[in-house]
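Student: Here is how the chains run, residue by residue.
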Amino acid sequence: MARHGWQAALVTGLTLAVLAWTAVPLSDHPDTLRDWYAARDCAERGACLLAGSATSFGGLHNGTVFPSVLAAVAGMGLDLPVAWWAALGCAALATGAVWLAASALSWRGATVGAAVALAVWAACMSAQVVWAPAFAPALGCVAGLWVLAGPPQQGSGLAWSAALGAAGGALADCHPMAAAAWVGWWLAAAVPGAVGRAALRLGVSAAVALAVAWALAPVAFDNNLALARAAAAHRPLAAVGAVVACAALAVLARRAPCRPTTVLGVAALIPLGAAGAGHLGTGHEVHPRYLAAAAPAVAWWLAAAWPWSARSSAVAGLAVCAAAMGLLGGGRVSNGHSWDQVQALRPIARAAALTWPDAIGLVQGHACRKLAAGLGAALPWRDAGPAAGNGPVLQVLDLPATVAPGGRWIALPPAPHTGLRSWARAIDGWVDGGRGQVCVRELGLPARCEPLRPGVTWGPLGTPAVWPQAPGHVRAYPWMTTLRPPSGRASETTVDLAFRGPGGERVVRILDLPNRRCPWRWTGADGCTAVVRGSEWVHLRCPSAGQGGLRLTRSWGPDCDDISQWTDGPPCLVEGHIDESDLLQAVRMP
Amino acid sequence: MKRTILGLALVPWAVAAFAEPVLPPEAATAIQAVVDALHADARCVDWQGWTEVEVRSDRVVLRPLQGPGSAVLVHAGERPWLRLDVRASTAWPQGAEADACLARALQTPRTESIWKEAVATRDPIAAGSVTPRAATPMERTRSPTATWLWLATVTVGLSAMGCVALRRLVAAASGQ
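Chains as they are written, first to last, in my numbering: chain A, 640 to 1229; chain B, 51 to 226.
Honestly, the hints are just simulated from the structure, not real lab data.
Some hints here could point you the wrong way.
Not the full set, but computed from the structure, chain A residues with beta-carbon under 7 Å of chain B [claimed, not checked]:
hint: 1; residue: G685
hint: 2; residue: A711
hint: 3; residue: M715
hint: 4; residue: G716
hint: 5; residue: A788
hint: 6; residue: A914
hint: 7; residue: A916
Even for Gly, the Cβ is constructed at its ideal location relative to N, Cα and C.
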């Protein structure tokens, strides 16, 4: 078995390497910032929420396992990457455990099973960000190991049930769909042979397991009950599913002892069936994160059910790994900047005395609001107040690797797998993204305008978008919001941004998201002469300091893509000296 | 076998009892009217970002245009009583102005005839107020010490479970 130990360590190490390559790197993604802000509220202000972030399925919340890990990291004075590596490390350990358990049970397909589990988890972590479901692999693996190690007759043992209930509570408090994996393991282990008096013991066992799960995670338990109620509301589908499940369990109850493949098949089918039924009932996507906790059962079933040879298993495992890495590719930051880059910006911001919340509106570059919020994530929260007024702006340019700006530009760490280099500097800027107003004009209705307020993130039509109940840091979460009128009538949104700098000449470029069908465009400049050069460019000559402003407009029509309506604030832009137009023209979106 | 068949026959009834009540058609109409009234009231800026996206048989799902994930389920209790369920939302407009908006929307001529029965009941929301309401999970908190103790318990306990289980499996394999 010593050889198995070394091989399991090798599987764990390889898994960690694959996950580190494919997982989305830490970034200023709004979900990451939201969770990190909440963790700092917990560690620094004593307000630790009893539920995680809202899920994409209305009314449900993620669990507190991930936020608690973040809070522990923040409480120890460590930075966000520790939690990222902890999540990847736990998934790697789970892969090693999947392999070791399969090998110990002499299932020849141990390698291919572990590779399939790794592929599911890599897909989960490469799809969006490393977040709440990231610990589902490890927790699902523990539940599975507990069932595999316990002889079937121990299924009625109260201590065994209590321990499995604890795993269930943790799974439910990780992600709502992870609880389905636990249900699968428990039914697969406890139901076989549960006829006659044994059925009574099954009921007691279930009560103990559920009581422990509830005691460990009461809010998550309620969350899962809400999910069950929502499922039951789809009556025809729920009734058919319930009848099929009961019939299968009735058959299973009369089979004891079960073959391992039967136990594993039940443990795998229940969470997979739940995800599939959820998709049928609601049209919600089947995302890899819904399968994360079910992966160990699938992997072990695959390892046990097929007549693998050691060679075919190894070859198939390598093929699965290679296919996963090829299909998923290296983890790239989606529409934002990596955490390393945000970290590197902080000393530049501090040197320029650019602090939260003034940084909102005074960061120029692609995804400027998220960058500002990312900077704020490292600074102590204080209530929003007036901006500094005439301080510097922080600029970040993302350029092809072949372009190297001179002057005072400081190189930032490269963003992984983008081929771009990022550069930053602080200069006395002209355009203030935090002062001005936003107006919505609908056909046949008077314009509705709201002032931009410095230092406050946005809600619809300029309403300060803060959570009224939220303590401190979470208020800095950069809401994705819309500036489009809800009526859908022909309309346009204009944003007037104030000038704040000295007179002279400058070029300004809009940094809208690429491929927008209804992009922002220049429509005016007060107090300056504006020469518009294409939809993204304007050349400004302003005779006097701090006078006038720029107007940008986005028109809404039937051809606008949905994503155009979403923004986390006024349009991002970057300004430069008159001789820097070539440099600004080279800017790319990561 | 008879007991199994009897048990299976009871399942659809259990599902029906567990499911939420079906929204009566007039309730869906009333809720849609409230949403329309909120959107049409120029004083209700906070409500402008809320839009109805889906009318199902038993509920109307409202989603805020700001932020992913948050949603409000507006659904029916026992007919004809209606209630607004704000548990799911952390961004539901708050404050006296937002409350007044909701109260006005509930009392438009189009909605009043349907809501008047509810107004006469003890339902506080139907009577024009959004208070009191229970704290949402996102608003309930615990201390950092309790959080870290919980996390330590889960981490140590489940790590021990995993290690014990793996050791048993390996020991059993060695025994063979």
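Student: If a hint holds in the structure, say so; if it doesn't, say that too.
Tutor: Against the structure, the hints come out as follows:
1. Taken as an interface hint, G685 (chain A) checks out: its beta carbon lies about 6 Å from the nearest beta carbon of chain B, inside 7 Å.
2. A hinted interface residue such as A711 (chain A) counts as satisfied when its beta carbon comes closer than 7 Å to some beta carbon of chain B; here the least separation is about 6 Å, so the hint holds.
3. For M715 (chain A), the shortest C-beta to C-beta distance to chain B is roughly 10 Å, which exceeds 7 Å, and the interface hint is violated.
4. The beta carbon of G716 (chain A) comes no nearer than 13 Å to any beta carbon in chain B, farther than 7 Å, and the hint placing it at the interface is violated.
5. Among the interface hints, the one on A788 (chain A) holds; its C-beta lies about 4 Å from the nearest C-beta in chain B, closer than the 7 Å criterion.
6. A cut of 7 Å between beta carbons decides the hint on A914 (chain A): the least distance to chain B is about 19 Å, and the hint is violated.
7. Proximity of A916 (chain A) to chain B is violated relative to the hint, the smallest CB-CB distance being about 13 Å (cut-off 7 Å).
When each numbered hint is compared with the structure, violations occur for hints 3, 4, 6 and 7.
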